[in-house]
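Participant: Single-letter residue listing:
There are 2 protein chains.
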Amino acid sequence: MTYTELVEQIKIKKSFLCVGLDPDTEKMPKHLLSEEDPIYEFNKHIIDATAEHCVSFKPNMAFYEAYGLSGIHSLEKTMHYITVNYPDHFLIADAKRGDIGNTSTMYAKAFFKRLEADAITVAPYMGSDSVKPFLQFAGKWAIVLGLTSNEGSADFQQLLLSDKAFYLRVIEACAQWGTKENMMFVAGATKAQMFEDIRKIIPDHFLLVPGVGAQGGSLSEVCRYGLNSNVGLLVNSSRAIIYASDGRDFAQKAAEEAHKTALEMQQYI
Amino acid sequence: MTYTELVEQIKIKKSFLCVGLDPDTEKMPKHLLSEEDPIYEFNKHIIDATAEHCVSFKPNMAFYEAYGLSGIHSLEKTMHYITVNYPDHFLIADAKRGDIGNTSTMYAKAFFKRLEADAITVAPYMGSDSVKPFLQFAGKWAIVLGLTSNEGSADFQQLLLSDKAFYLRVIEACAQWGTKENMMFVAGATKAQMFEDIRKIIPDHFLLVPGVGAQGGSLSEVCRYGLNSNVGLLVNSSRAIIYASDGRDFAQKAAEEAHKTALEMQQYI
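Line by line, the protein sequences are chains A and B.
Going by the numbering used here, the first sequence opens with residue 162, and the numbers climb by one from there.
Going by the numbering used here, the second sequence opens with residue 162, and the numbers climb by one from there.
Only chain A is shown next, with the shape it has when bound in the complex:
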């Protein structure tokens, strides 16, 4: 998916919501556990229920790898279900990969070719030759970890270098390896005021923003400091939407929660 197409979808839907698909059999409705593939069933219902309120879906790999082969099978089916039924939704593989060049290329092929993701999240610690292989595929995106939403972001990302915080240096360097057409950055909602500094470096790039909802970030703060003229934000919510209910009404409740968030977003578009 291109930058223009993504912006268009956001304007049509009046939403920049990304729904995080982090299935956990301990949290999902009990009646699904007797299905042949509970994770896939759960995802399908969540996807169908929330698709009209969001522009993006983001499965986090950990929640599939935890179930071994059967989890990976559920993941492949879920990714395929989205690409076939919702081709206009931006599909993010939240994998946080990054390795030496030839190995990153293997990951890029796995996620872009085999799993048909539009984007993959990338950990930048190993530098340019670990990130660039993800930028070699037309219409595909690397979403680099800039400033993450967790407490640990203080340990290294927020360290002060001589002139600026480390995460700003990371964003500045990475932005030179790609363009706003093939690169985004993760910027946590829990640190929305820092978006002001981020926007000075990358005014036009999209930011993928986790941390609204269960992690406590505020949408209005995120918009205040992060919005640009093309919106430029994908705000993710996982737990607050997909676990809005653990009863038979879980999909309906997820839809209501997604709709509520989308309505809140409308004010800012």
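Since the hints were made in silico from the structure, they are not lab data.
Heads up, some of the hints might be wrong.
Note: identical chains are not told apart, hence a pair may lie in one copy or across any two.
[Claimed, not checked] Quick list of in silico lysine-lysine cross-link-like pairs, DSSO-like style, CA-CA up to 30 Å: (1) K188 to K205; (2) K325 to K174; (3) K188 to K293; (4) K274 to K205; (5) K188 to K301; (6) K270 to K341; (7) K270 to K191; (8) K205 to K293; (9) K205 to K270; (10) K191 to K274; (11) K175 to K270; (12) K274 to K238; (13) K172 to K188; (14) K293 to K274; (15) K325 to K293.
Given chain A, work out where chain B should sit, using these hints.
Facilitator: Below, chain B without anything else, positioned relative to chain A:
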């Protein structure tokens, strides 16, 4: 596996070699491609041929994920084959994972419980709560990326903070979250002189050293700057060993290459 057990294995074998299991169907012997599971067949032969010369095996996840479900199946079989037949070999899942706390815990369970790895490589960018979940399993290890072997390590890892290079700060901080019994660091052979500074911070920890062989690092330099009284090194070689030949003699040639490396290591023990 405990620190003491690992040191014991190194002393018995007089080797601190780790064989990297990075299967690539384009590089492996053609006659294996007609097998039902070429990757598993290839690995099994390499493992059986090299086991007596090494103390550790390290499959890199990218090389399995690239083949989708069938690749993950080959990985599971390979990990199981090692744990059953070579329980004294230290089994490293080279995955470079790291995510917010509850997600890192999912990864830890996937690799330690389901895949029975002794250790997993971890990317430190997201800080303490992304690393600590990997330290909560008895006898299991987090191997944190410190100074990697690739060119891109110059981009962020070697940036100068006020008092020291960033990678030293990372090692210093992470070393406080774990102990030499549950944490190691990746330190690339291509930067062996920098091991002097690393050893000032963590004299007793093990270092996992990639970059000898195809990437050009030197074993004698690594030993000169990295050895400690318990050896304290696991030196990885992947391509130089597993692709020593692409003919029917591939396992034999891999064994010879591993033996040659182990003999070179003997001098330093």
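Participant: Could you tell me which of the numbered hints above are not met by this structure, giving the numbers in increasing order?
Facilitator: Those not satisfied are hints 2, 8, 11 and 13.
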